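Take these sequences, add in the hints, and give me the full structure.
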Amino acid sequence: MTRICIVLLSITLFVLDARTASTAPPESNNPFYSSVPSAYMDDPRRNEWQQPDKVIDYLFIKPGETIADIGAGTGFFSTRFARKVGKTGHVYSADVDETMVRFIEKRAQKEGLGNIRAIHAHLNDPLIPRSSADVVFICDTYLFIDNRVQYLARLRDSLKINGRLAIISFNASAEIPGAPPQQRMIPKQTVITEAIAAGYAPEADYLFLPFQDFLVFRKR
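Quick note: the sequence shown uses this note's numbering, first residue 375, plus one each step.
No lab work stands behind these hints: they were computed from the structure.
Be aware that one or more of the hints could be misleading.
[What the hints assert, rightly or not] Below, a list of computed lysine-lysine pairs in the DSS-like style, where the Cα atoms sit at most 30 Å apart: (1) K428 with K534; (2) K593 with K428; (3) K593 with K562.
[Stated by the list, open to error] Derived Cβ-Cβ restraints for the label pairs, each shown as a range: (4) G438 with R558: 36 to 44 Å; (5) T462 with R592: 21 to 29 Å; (6) K534 with R457: 15 to 23 Å; (7) S547 with K480: 31 to 39 Å; (8) I535 with Q556: 33 to 41 Å; (9) P437 with P555: 25 to 33 Å; (10) D579 with K484: 35 to 43 Å.
Note that the structure is predicted; figures quoted are calculated from it, not measured.
Every residue, glycine too, gets a C-beta built ideally from N, C-alpha and C.
This is how it looks when you write it as structure tokens:
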């Protein structure tokens with residue numbers, strides 16, 4: 375329980391860093407537990423620098439595929455994935471925060487996205503079914519994962535043969551609301567080294583995101 379509290383506190387501090395507290399919605403000082411948690415995660419300004427549609431295009435996702443969104447939050451990417459894969463596809467939206475899981479469930483129902491399955495993940499296990507996913511997607515969550523090599527190895531088991539892992543994480547250029555302090559950021563080469571150790575082969579290093587590294591790996 376203590377460990378869970380520490381992780382949740384770290385996430386809160388990450389979003390509500392003192393330098394950016396003024397950007398929080400007036401309804402709450404903690405958008406993760408606000409009645410409108412999307413106020414931060416789904417801020418329209420995020421579209422400008424996150425470029426979600428372009429990110430999805432560069433993942434070459436096809437209708438009917440299965441995507442696992444790890445640390446899905448409010449479903450910023452999950453809902454887009456759900457529309458991309460269509461009714462014959464599936465999206466697993468996994469988050470350790472039960473508040474976010476309930477939010478995604480309600481959002482999916484409201485938006486008519488019956489192909490989203492929200493999962494209340496464990497800290498050391500995302501609970502994605504084995505050999506089920508074409509793509510595992512991690513955005514802005516990697517720095518919160520303990521024992522990252524082991525965690526990536528568990529995710530590898532969730533991928534189909536020749537499945538892919540995509541990791542997006544803030545880099546040193548990220549001087550925007552919500553970005554973690556630079557000392558918390560994980561260098562790109564560290565991510566690559568850990569993914570290789572977990573059984574992945576580097577496939578792509580996309581450079582179009584202004585504040586984030588965007589790496590894609592293939593299951594070996």
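Checked hints:
{"no.": "1", "hint": "K428 with K534", "result": "holds (24 Å)"}
{"no.": "2", "hint": "K593 with K428", "result": "holds (23 Å)"}
{"no.": "3", "hint": "K593 with K562", "result": "holds (19 Å)"}
{"no.": "4", "hint": "G438 with R558: 36 to 44 Å", "result": "holds (38 Å)"}
{"no.": "5", "hint": "T462 with R592: 21 to 29 Å", "result": "holds (24 Å)"}
{"no.": "6", "hint": "K534 with R457: 15 to 23 Å", "result": "holds (21 Å)"}
{"no.": "7", "hint": "S547 with K480: 31 to 39 Å", "result": "holds (35 Å)"}
{"no.": "8", "hint": "I535 with Q556: 33 to 41 Å", "result": "holds (38 Å)"}
{"no.": "9", "hint": "P437 with P555: 25 to 33 Å", "result": "violated (40 Å)"}
{"no.": "10", "hint": "D579 with K484: 35 to 43 Å", "result": "holds (36 Å)"}
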